[in-house]
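Taken in order, these protein sequences are the chains called A, B, C and D. Numbering-wise (numbering that gives the first Met the number 0), the first sequence opens with residue 0 and increments by one. Numbering-wise (numbering that gives the first Met the number 0), the second sequence opens with residue 0 and increments by one. Numbering-wise (numbering that gives the first Met the number 0), the third sequence opens with residue 0 and increments by one. Numbering-wise (numbering that gives the first Met the number 0), the fourth sequence opens with residue 0 and increments by one.
Simulated from the structure, these hints should not be mistaken for lab results. Treat the hints loosely; a few may be bogus.
Identical chains blur together in the list; that is why a pair holds if it fits in one copy or across any two.
[Claimed, not checked] Lysine-lysine pairs mimicking DSBU-like chemistry, simulated, CA-CA at most 30 Å apart:
1) Lys6 with Lys303
2) Lys79 with Lys303
3) Lys195 with Lys218
4) Lys195 with Lys180
5) Lys303 with Lys98
6) Lys197 with Lys218
Protein chains: 4
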Amino acid sequence: MKAFEIKTYGDPNGLSLVDRPNLSPGAGQVLVRIRAVSLNYRDLIVVRGQYDRKPQVGRIPCSDGAGEVLAVGAGVSRFKPGDRVVGCFFQAWLGGRFKAEYHRSALGGAIDGVLAEEVLFDQEGLLPLPELYSFEDGATLPCAALTAWQSLVVRGRLTAGDTVLLLGTGGVSIFGLQLAKAAGAKAIVTSSSDEKLKRARQLGADEVINYRSTPEWGKEAVRLSGVDGVDHVVEVGGAGTFQQSVRACRFGGNIGLIGILSGREATTEIFSIVPKILNVFGVYVGSREMFEEMNRALSQNRIKPVIDRVFPFAESPDAFRHLEIGAHFGKVVISV
Amino acid sequence: MKAFEIKTYGDPNGLSLVDRPNLSPGAGQVLVRIRAVSLNYRDLIVVRGQYDRKPQVGRIPCSDGAGEVLAVGAGVSRFKPGDRVVGCFFQAWLGGRFKAEYHRSALGGAIDGVLAEEVLFDQEGLLPLPELYSFEDGATLPCAALTAWQSLVVRGRLTAGDTVLLLGTGGVSIFGLQLAKAAGAKAIVTSSSDEKLKRARQLGADEVINYRSTPEWGKEAVRLSGVDGVDHVVEVGGAGTFQQSVRACRFGGNIGLIGILSGREATTEIFSIVPKILNVFGVYVGSREMFEEMNRALSQNRIKPVIDRVFPFAESPDAFRHLEIGAHFGKVVISV
Amino acid sequence: MKAFEIKTYGDPNGLSLVDRPNLSPGAGQVLVRIRAVSLNYRDLIVVRGQYDRKPQVGRIPCSDGAGEVLAVGAGVSRFKPGDRVVGCFFQAWLGGRFKAEYHRSALGGAIDGVLAEEVLFDQEGLLPLPELYSFEDGATLPCAALTAWQSLVVRGRLTAGDTVLLLGTGGVSIFGLQLAKAAGAKAIVTSSSDEKLKRARQLGADEVINYRSTPEWGKEAVRLSGVDGVDHVVEVGGAGTFQQSVRACRFGGNIGLIGILSGREATTEIFSIVPKILNVFGVYVGSREMFEEMNRALSQNRIKPVIDRVFPFAESPDAFRHLEIGAHFGKVVISV
Amino acid sequence: MKAFEIKTYGDPNGLSLVDRPNLSPGAGQVLVRIRAVSLNYRDLIVVRGQYDRKPQVGRIPCSDGAGEVLAVGAGVSRFKPGDRVVGCFFQAWLGGRFKAEYHRSALGGAIDGVLAEEVLFDQEGLLPLPELYSFEDGATLPCAALTAWQSLVVRGRLTAGDTVLLLGTGGVSIFGLQLAKAAGAKAIVTSSSDEKLKRARQLGADEVINYRSTPEWGKEAVRLSGVDGVDHVVEVGGAGTFQQSVRACRFGGNIGLIGILSGREATTEIFSIVPKILNVFGVYVGSREMFEEMNRALSQNRIKPVIDRVFPFAESPDAFRHLEIGAHFGKVVISV
């Protein structure tokens, strides 16, 4: 079977399509024919060799894949051949509080990922793909959608009537927009492109802000909130945006830090959160239990993932480059 | 000014339209010209003399009123003449945990209510009427809507994708349906009338159950939930429905007990909640802070209160009788 | 190896000591030499054949055992021979929300229990025994202590300064007392025996009530709370005590229903919880994650389980009879 | 009556003892003879003129005072002459979520404070002084104790068995230590003084770290936690300590930011909280409802405030200077 390996770290050119021996499932394992993969900014960081747990040469990248069960090993009760499935970012984080050891089960990071025709999963590391989704749709969920879900719903306890501020139009923010609208919240979206803001409005954004023409967008978000600020920010921007995000919040507001975009060196005025009594929390994808509950919500609300573009498997490096440019709106997907 | 007083307890015939001296606001007080009142089952219990803190002869009934500010007393900063306002059920429960003393501030129970042309409020016991609402709309909110809100959102922590079971089509249940849909949940409604179930579907109910033709409606609700039961029941039915409500729930599900309908003598198998690890909680309207947050949610989602019928002020006793029959769908309102 | 089997259901005489073939651990399994077992009221119900999922003839009873690892199967990483361990009541409930399927993993109920010299566990169904505990101590934890922990801490969110009402002096209540005191709460204990109340005081109870001489003990608990009632009741009594428990609570108080004692037929005035806005929740032991966090708390506070009496293995039926009489204070243990 | 006013801003020399006209309570007001005042670092910032809402010349400083009711105005029901009382930092934050307008009710900041013989309070801005406390004890509670309470208990949901890291031995940290121990948690205290660490141990600290001899004290706190890090940090240190505090935390740990010490300009690597999924929240004293619940906990656990030194009223500027040096252990108090 074919797979992409990272032959050299640095940029997407280091990805190489190789033949790997076919796999067969051991006890408790499930062999999946991957049909679609989606990319996250983290995959780009991995390929650049900047991810904190640097994978070895020959590592298969990517965390997000959906496909079809080909075969199951002894003792597998959760799935059978033919089932449509989607993998969990953290193969070992089923529920409960996060433990350090779960980092070692992150697909496409500490262990081989899903940019391959076939992948072996532990049966506990898979979920059924919701009926309403194609493989392309399903492949967008494991990282970006779940990050937005954890930030807004699990940690932020999003409530109808709340106001949510989404930064930009990448995968996490667009899912955040869709979840906010499904949950009865008001959504404000920022972008530097009026064209993208127009599309955000079509997806339900109540208000939009062009952060280029409105550099004090935090203050503008307060105005648009109708009260004394927004209740939630999904902070994917990093240190460059954090102070405006704080500005945007109401007393007791929530900021979910994703922050992969700006790397680890970012410094900012953290203590500005004190007088506003803000809650700032790190968000790192989520557990299988969160994924299950999100899937219920996505299905119930018939939320259609926004896919920017689908690349054929052989052109996977181009998909990485497309993500790198940052001109996408929603998710970049590879059809396997 | 004119007002209805309870001259004799027993039934709506005991209500009498009287002239009362005009009022003027003292320090911190606001005089409101009531424009609309809505009825709750509790008002019927009050009029029957069955309410636990039996009001005195001459008491003005009703907790839910909306109107216009006529005049304000010294030191009033929250409102000015002309403002459209709605009153809080518990005049003294602004926020935080409930205290025994707040019972003494319940409109139309421990103190005079709002079935009058003019009512004096403490400025702290009023909220601005959301812009999108008429006085009739606004008068439906203080008790029924807030009860549904506290049950589902504040106590039950309603989440997108959850399933909500609503019993019947009275005021609380219809607001529960509307809030559930606004928050991205699945809603199941029961009734003995197929006609009402049809209307519930028009309001967004995903599934409906005629409890007459399906006496084991708890089991049916499990099936319709798509998982192992519903996440929330707004239990307005009382002892007659509680066991089916327990049956309907999934493990760890929530049952908000309103229970005014069936009075205080109801007994039931409370310990059936143990093996399902359910949460059962008493719900008693809500605080002003909850009311404010609900109003944000109602406005954001442009939820239109469902008004069954509007009676003229002079025919208030007929409005009580209409509620008594139980044939309504949504709220019964009196235009003052 | 020797084990007790339930040969006939009805009473402890139906227990029979038999020889069973020796066991050896398969993949992921751990063989444990049980050193001590503790009894719970549920074990008595099982032996009587009254447990809802009636076990088959030949079933080994008891859920609570501690011992030493004899051998581990392939792939076991959590334990090694010689480790001191304690088993989890629900072998499959590791964390997160409860699922129906977990009922099928309850030791001494749906599957064989621990009243045996040797037991095979899945490695995920065991925890290390905290250092400060003997095997006898450890055997008291899985059901009674965890039930008290879930009720007070996980569900009730026990806070320093709260008042906790404990009914009687059985295993759950005594652990509830110890946990309440460790967490800075005030504890009130009821009993019909002044002698037991004296011992409860020695364990830290701030106040005691003899429910025989004070039949209106709910009202007395309000008085002793110093405020308008207690914050938490660990309701092990059942329908016979529920109304007094409701009476004892303050507005918004918590009642954790254990309720195994009085069986399933109990009826009570559930709607009495509405005007006090109480939270009533079913408690069913707990997950492995809760068990781990409880063990941290027990160790940190050096809580010594209160053991009423230790019986030798051969006299296990006598231990059951001793529990049946109800004269114990704390836990009844069998040394294996 | 005599009071200290801030005549010139910059340092404690600007404080001046003046005669002010006697006060008499208006409607709803309570006149209090202040008996003791405690100092907080914020008072020093006020006197330096560095507080964000700069008070006017002639402002009476200090937020924390306890005393005795001299007289009450019309309509006062909560207190009567002779009652022992303590004031709330935010006079207007009774309960519920914080609102911007509450900032305008902060004693010794936006409005006159309590460094005076007599002070007029709204009756809602006072609480009864717990019986077990002297006026000196009581004066330590409004700011420092409540800040520790909100951080650990209200926001951090402190649970028995958790590990708490306290930075230094100032007022907030010492209350944090006492609350942590009362709630059954493990407490680790840092200081640069072995002498102070010895005293912290006497107050119950389980572990201590001299941060001068152990500059990597975050790592040391992980080791001392016994698990993968501490559950809570009360972060009074500011930007200089934040990275070590992050280091000290376990996955999902809580950092309460107080942060007055290091001012507003501090920058730090906020995104380091992402991979550890931390919760970082601003803490700003607390509401009256929190204060009431804290008082229950303090009384129940007979927690004795640690008072470093008591200055006579006339020497108030010396008390400020004593705080400024930073050699104190616990609270600095002025007897009025």
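I want to check one pair: Lys197 and Lys218. Are their C-alpha atoms no more than 30 Å apart within a copy, between two copies, both, or neither? Intra 21 Å, inter 46 Å, cutoff 30 Å: intra-copy only.
Is it within, between, both or neither when you check Lys303 against Lys98 at 30 Å Cα-Cα? For Lys303 and Lys98, only the inter-copy Cα distance (29 Å) is at most 30 Å; the intra-copy one is 32 Å.
Have a look at Lys195 and Lys218 and pick one of within, between, both or neither, based on CA distance no larger than 30 Å. within (21 Å within a copy, 45 Å between copies)
Intra/inter-copy verdict for Lys79 and Lys303 if alpha-carbon distance must be at most 30 Å: within (26 Å within a copy, 47 Å between copies)
Quick one: Lys6 to Lys303, C-alpha cut-off 30 Å, is that within a copy, between copies, both, or neither? neither (35 Å within a copy, 58 Å between copies)
With identical chains treated as interchangeable, where does the CA-CA distance between Lys195 and Lys180 reach 30 Å or less: within a copy, between copies, both, or neither? both (18 Å within a copy, 28 Å between copies)
Against the hints set out earlier in the document, a violation occurs for number 1 only.
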